[in-house]
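K.L.:
Residues per chain are reported as follows:
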Amino acid sequence: MTSSKRRTGRRSPLATVALLALGLVFTGGAYAAFSTGTAQAEVEATSQQTIEEGKKLFQANCATCHGLDAQGTEAGPSLVGVGAAAVDFQVGTGRMPMQMQGPQAEQKPVQFTDEQTKQLAYYVASLGPGPDIPADHLVNGGGDAANGAELFRINCAMCHNVAGAGGALTEGKYAPALNDVSGVHIYEAMVTGPQNMPVFNDLNITPEDKRDIITYLQYIQDNRSPGGFELGSLGPVSEGLFIWIFGLGTIVAITVWITAKSN
Amino acid sequence: MAQDDNGGTDIAAAGSSSHEHEVAASPGTAVVVADGFENPGFPPHRKRVTDEDPKKAKTAERAVYTMFYLSIVGSVWAIAAYMIFPMESNDVFDVRLNNLSFGLGVSLALLAIGFGAVHWAKALMHDVELVDERHPVRGSEETRAGAVKVFQDADQESGFTRRSVIRNSLIGALVVFPLPAVVLFRGLAPQDQDPVELLSHTMWTQGTRLTLDPSGVPIKASDITIGSAFHVIPEGLNELEHHRLEEKAKAAVLLMRLNPEELNETPDRADWSYQGIVAYSKICTHVGCPVALYEQHTHHLLCPCHQSQFDVANHCEVIFGPAKRPLPQLPIAVDDEGYLVAQSDFTEPVGPSFWERH
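Heads up: the sequence lines are chains A and B, in that order.
Residue numbering for the first sequence follows my numbering, starting at 1 and increasing by one per position.
Residue numbering for the second sequence follows my numbering, starting at 1 and increasing by one per position.
The following block holds chain A by itself, in its conformation from the complex (with noise of 0.2 Å):
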């Protein structure tokens, strides 16, 4: 009884298959024609055109904010020199075009398709050198838990808890849960520092240990907590609150049993 339910609570095969999917599509797909070495001038001229597609994507979906060339507004940063891995980054996981301004912008639904993400991401590289999307083999989960787990703890655990439930800021910022997130946003944001998130360039976590960071997430993801009941593994918050409530109850409701009288 015990081992099916263990079985049950961990993700279903099809949700790692639908996972990777995800990952290849957006690592794989357009990008992984571009980067072929073997067809040097097709890809320049693909390049060229992808920029002028993204171009008019950007005028006709972010320029109101950032700015016809992307030089920023009022409303919005400039984003010369941001790199494809913010723009996908934040238009990958529905960030941006963001719905209102608040104190952060939050994933919801994504609103271009993945060709789209790309257009748009090499227009805005193509403004000023930045960072790159990662290549496939540094998100694809390949490297060091363990080593990634140290430096997780070290580096993220503080803001996005030490199992990558997330937590809370200041002033109703947050930083979300890391769950479900694909590698190569995970890189991507490690990289580009979106919004409040402090950037950790390469200098600082290299592209290998950040490629550890993201099997170690995408380990515990895979190997659920051996406690049992996780309650959102936010610590002592949800933990505390079950046992108030739960825990207290049960001794009220028999403490009340034992004193009442029989019928």
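Hints listed in this document are in silico derivations from the structure and should not be mistaken for laboratory results.
Just so it is clear, CB atoms sit at the ideal spot from N, CA and C, and this is done for glycine as well.
Please note that the accuracy of each hint is not assured.
[Claimed, not checked] To list a few chain A residues with every Cβ distance to chain B over 12 Å, as calculated:
#	residue
1	Ala60
2	Gln111
3	Asp114
4	Gln116
5	Leu127
6	Met158
7	Thr170
8	Val199
9	Trp244
10	Ala260
[Stated by the list, open to error] Residues of chain B placed beyond 10 Å of chain A at every Cβ, according to the derived structure:
#	residue
11	Val49
12	Ile79
13	Val95
14	Asp127
15	Leu130
16	Gly159
17	Thr161
18	Arg162
19	Asp213
20	Gly227
21	Asn238
22	Glu241
23	Ala333
24	Gln343
[Unchecked claim] DSBU-like cross-link-like pairs, simulated, lysine-lysine; straight-line CA separation at most 30 Å:
#	chain 1	residue 1	chain 2	residue 2
25	A	Lys261	B	Lys56
26	B	Lys55	B	Lys122
27	A	Lys173	A	Lys261
28	B	Lys55	A	Lys261
29	B	Lys149	B	Lys47
30	A	Lys261	B	Lys47
31	A	Lys173	B	Lys324
32	B	Lys122	B	Lys149
33	B	Lys149	B	Lys56
34	A	Lys108	A	Lys56
35	B	Lys58	B	Lys122
36	A	Lys261	B	Lys248
37	B	Lys58	B	Lys47
38	A	Lys261	B	Lys122
39	B	Lys149	B	Lys248
Chain A is fixed; fit chain B onto it per the hints.
P.N.:
Relative to the frame of chain A, chain B by itself:
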């Protein structure tokens, strides 16, 4: 020994004793109640269904012994589960399965005994209400005199008062006995060192390189892009043979790079930073939690324990929460090879207040 003068005789069936008690207050609790209300006594006794219906009594009986049998099942299951789910492999999930099954068995064994016993008492045992009068607190004169005599006899026979040297040496031995424990506890504290001195200084000295936590790789100023946060330990920390954690707990530093225009520095600390790179102690001045929740747009540092907020742009002054002092700043500079180094130790003790720090 004080005797229970009225032991056992004061338990009487409801209704027979309560009114007599009202008239003659017992001598030990002789408080005259001027406007006391009349003791209403017990409500009329109500019979339970198990008293009136033998079928219901039979059902209750069955429920009680079923509980006790269930307890036996639980105990046997706990033993069986311990053997069925061994903890021999290294898989932590096996430990969980073993603990969970064993624990469920033991819980069932104990809970079933408890529920069975309570149900037995409530549904089947004799349930007529009884009054157990509180006996007087003060013992009788003979009992009191007897107690005094016991002490006097003991003193006479042992010579506790007469043989004063023996008595005093015993008291002396008892006083000296805890001293080794005091010495042992003192041994836990640092030897030959002033704790105040230890709390006031860290590993940082002039020229110590700032290195990455945990790898110990030195950091160049050019490595740090605007908006970055680096978790920093002093060079040589990883090579320490003793007190590595104690030193890390004092010397941990958070390195951030801001746009230099956004940094408001006082003139006396203007050369403590380098092109917008600032280094602050990571140890909260409230109770010493690591403050590392850095928001790169607002330049606020948040302590996760008690929500103290520090403004990095203004020398980490406290803008919210229970902390009373800003985080101490580590003065930094760049050496000949471009690596970040400390100009000196922190100029004030890091972390929370202690007795000698005001």
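K.L.:
Decide, hint by hint, whether the structure agrees.
P.N.:
Evaluated hints:
1. Ala60: 27 Å, holds
2. Gln111: For A/Gln111, whose nearest Cβ neighbour in chain B is about 23 Å away, the distance exceeds 12 Å, so it holds.
3. Asp114: 27 Å, holds
4. Gln116: A/Gln116 is indeed farther than 12 Å from all Cβ atoms of chain B, at 27 Å.
5. Leu127: The claim stands: A/Leu127 keeps its Cβ more than 12 Å from every Cβ of chain B (closest is about 18 Å).
6. Met158: Nearest chain B Cβ is 4 Å from A/Met158, so the label is violated.
7. Thr170: The claim breaks: A/Thr170 does not keep its Cβ more than 12 Å from every Cβ of chain B (closest is about 5 Å).
8. Val199: 4 Å, violated
9. Trp244: Correct as stated: the minimum Cβ-Cβ distance to chain B is 20 Å, above 12 Å.
10. Ala260: 8 Å, violated
11. Val49: Violated, since 5 Å does not exceed 10 Å.
12. Ile79: 17 Å, holds
13. Val95: The claim breaks: B/Val95 does not keep its Cβ more than 10 Å from every Cβ of chain A (closest is about 7 Å).
14. Asp127: 7 Å, violated
15. Leu130: 15 Å, holds
16. Gly159: 54 Å, holds
17. Thr161: 52 Å, holds
18. Arg162: 56 Å, holds
19. Asp213: 5 Å, violated
20. Gly227: At roughly 4 Å from the nearest Cβ of chain A, B/Gly227 sits no farther out than 10 Å, so the non-interface label is violated.
21. Asn238: 13 Å, holds
22. Glu241: 21 Å, holds
23. Ala333: Holds: least Cβ distance 19 Å, greater than 10 Å.
24. Gln343: 22 Å, holds
25. A/Lys261 to B/Lys56: It holds: about 16 Å lies between the C-alpha atoms, which stays within 30 Å.
26. B/Lys55 to B/Lys122: 16 Å, holds
27. A/Lys173 to A/Lys261: 53 Å, violated
28. B/Lys55 to A/Lys261: 19 Å, holds
29. B/Lys149 to B/Lys47: Since the Cα atoms of B/Lys149 and B/Lys47 sit roughly 52 Å apart, the hinted pair is violated (cutoff 30 Å).
30. A/Lys261 to B/Lys47: 11 Å, holds
31. A/Lys173 to B/Lys324: Distance of about 24 Å is within 30 Å: holds.
32. B/Lys122 to B/Lys149: 47 Å, violated
33. B/Lys149 to B/Lys56: Violated - the C-alpha atoms of B/Lys56 and B/Lys149 are around 59 Å apart, more than 30 Å.
34. A/Lys108 to A/Lys56: Measuring from Cα to Cα gives roughly 23 Å; hence the hint holds.
35. B/Lys58 to B/Lys122: Satisfied, since the Cα-Cα distance of roughly 14 Å is no more than 30 Å.
36. A/Lys261 to B/Lys248: Answer violated: A/Lys261 to B/Lys248 is near 62 Å, above 30 Å.
37. B/Lys58 to B/Lys47: It holds: about 16 Å lies between the C-alpha atoms, which stays within 30 Å.
38. A/Lys261 to B/Lys122: Answer holds: A/Lys261 to B/Lys122 is near 7 Å, not above 30 Å.
39. B/Lys149 to B/Lys248: Violated, at roughly 66 Å.
When each numbered hint is compared with the structure, violations occur for hints 6, 7, 8, 10, 11, 13, 14, 19, 20, 27, 29, 32, 33, 36, 39.
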